[in-house]
Amino acid sequence: MLILSLINIVATVLSPLYGFIFYVDANNYYSRGDYFFIFITVYIVNFLLLVVGTLEVGRKYNYPIMRKLFALSLFTIIGTSIQIVYPSAYSPWHCVTLSLLLYYILMSEFDSSFDSLTGLYNRAAFDKATKHISETKAFSIIILDIDDFKSINDMYGHDYGDTVIKEVAAIIRKSFNKHYTCYRFGGDEFLIITNETDKEKIEYHSKAMTNGLEEMRLNGYLLPTISYGYSIFKGGEKLDFQKAFKEADDQMYHFKKTHKAGAAQGTTAPF
Numbered sequence: 000m001l002i003l004s005l006i007n008i009v010a011t012v013l014s015p016l017y018g019f020i021f022y023v024d025a026n027n028y029y030s031r032g033d034y035f036f037i038f039i040t041v042y043i044v045n046f047l048l049l050v051v052g053t054l055e056v057g058r059k060y061n062y063p064i065m066r067k068l069f070a071l072s073l074f075t076i077i078g079t080s081i082q083i084v085y086p087s088a089y090s091p092w093h094c095v096t097l098s099l100l101l102y103y104i105l106m107s108e109f110d111s112s113f114d115s116l117t118g119l120y121n122r123a124a125f126d127k128a129t130k131h132i133s134e135t136k137a138f139s140i141i142i143l144d145i146d147d148f149k150s151i152n153d154m155y156g157h158d159y160g161d162t163v164i165k166e167v168a169a170i171i172r173k174s175f176n177k178h179y180t181c182y183r184f185g186g187d188e189f190l191i192i193t194n195e196t197d198k199e200k201i202e203y204h205s206k207a208m209t210n211g212l213e214e215m216r217l218n219g220y221l222l223p224t225i226s227y228g229y230s231i232f233k234g235g236e237k238l239d240f241q242k243a244f245k246e247a248d249d250q251m252y253h254f255k256k257t258h259k260a261g262a263a264q265g266t267t268a269p270f
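Counting in numbering that gives the first Met the number 0, the sequence shown runs from 0 upward without gaps.
Hints are supplied without guarantee of correctness; some may be wrong.
Derived EDC-like pairs: lysine to aspartate or glutamate, alpha-carbon spacing no greater than 16 Å straight-line [claimed, not checked]: (1) Lys165 with Glu195; (2) Lys233 with Glu195; (3) Lys177 with Glu188; (4) Lys173 with Glu202; (5) Lys136 with Asp239; (6) Lys173 with Glu214.
These aren't lab readings, by the way, just hints derived from the structure by calculation. Here the structure is a predicted model, which means the values were calculated and not measured.
Given these sequences and hints, build the entire structure.
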């Protein structure tokens, strides 16, 4: 691809002299050269690579980018195709310039949706997502909190605390599939929103997370336990998101008390 791009650059630069890609006659009329297809080929291939790469990034982070990217791609294709059909119309320059600006805005919105430490969605993304939750659709919210995180910072320092946050976030992401959207809510607290309302499936993924942490501890990693709670909204009734949030939060704190009691009796690892 780099070779094709270099050929296109050289051919375009030399076009005023040799007319490879285009030429301008004595009457100042623009015409396409015999090798104009090189420009078109490189343009299409680079455009497709950009679209595919962006979709892959969106898929990796479970970011809903497809619709916006499709609309932007359609706008770009239509705008640039006009000149292919009507050579005297100079729409591509305006279209590509506007498309690049919109693409920059799209990717800036993408970047601002993620927590820099963990790579999970951040608090702002969570607040935005909750505004679009409909009372006609079922959903579940899961709240997760690292146990005794303050003790980890006090004993081992904030650098190790950051390491713990990253490791825990990685296990959360690994344990919950693409149907679960994970957020770092702040500090040592994480949230998950999902359309899954099957209690057994939620418990399955939650247990996979706690088992993943336990496995790493057995392999010598100094990692804490995690308390979690969840609330399931079946839809079709009046939505009270704060009530659902509080229900999950209360369940999480009940779990945390159980962990603390177990740690005091030596039956669970504090961290």
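Okay, the hints, checked on the actual structure:
Simply put, Lys165 and Glu195 have alpha-carbon atoms about 25 Å apart, too far for the 16 Å limit, and the pair is violated. Between the alpha carbons of Lys233 and Glu195 the distance comes to roughly 10 Å, so the proposed pair stays at or under 16 Å and holds. The suggested pairing of Lys177 with Glu188 is violated, with an alpha-carbon distance near 20 Å, which exceeds 16 Å. With a C-alpha separation of about 15 Å, the suggested pairing of Lys173 with Glu202 holds against the 16 Å cut-off.
For the suggested pair Lys136 and Asp239, the alpha carbons sit about 13 Å apart, so the restraint of at most 16 Å is met. For the suggested pair Lys173 and Glu214, the alpha carbons sit about 14 Å apart, so the restraint of at most 16 Å is met.
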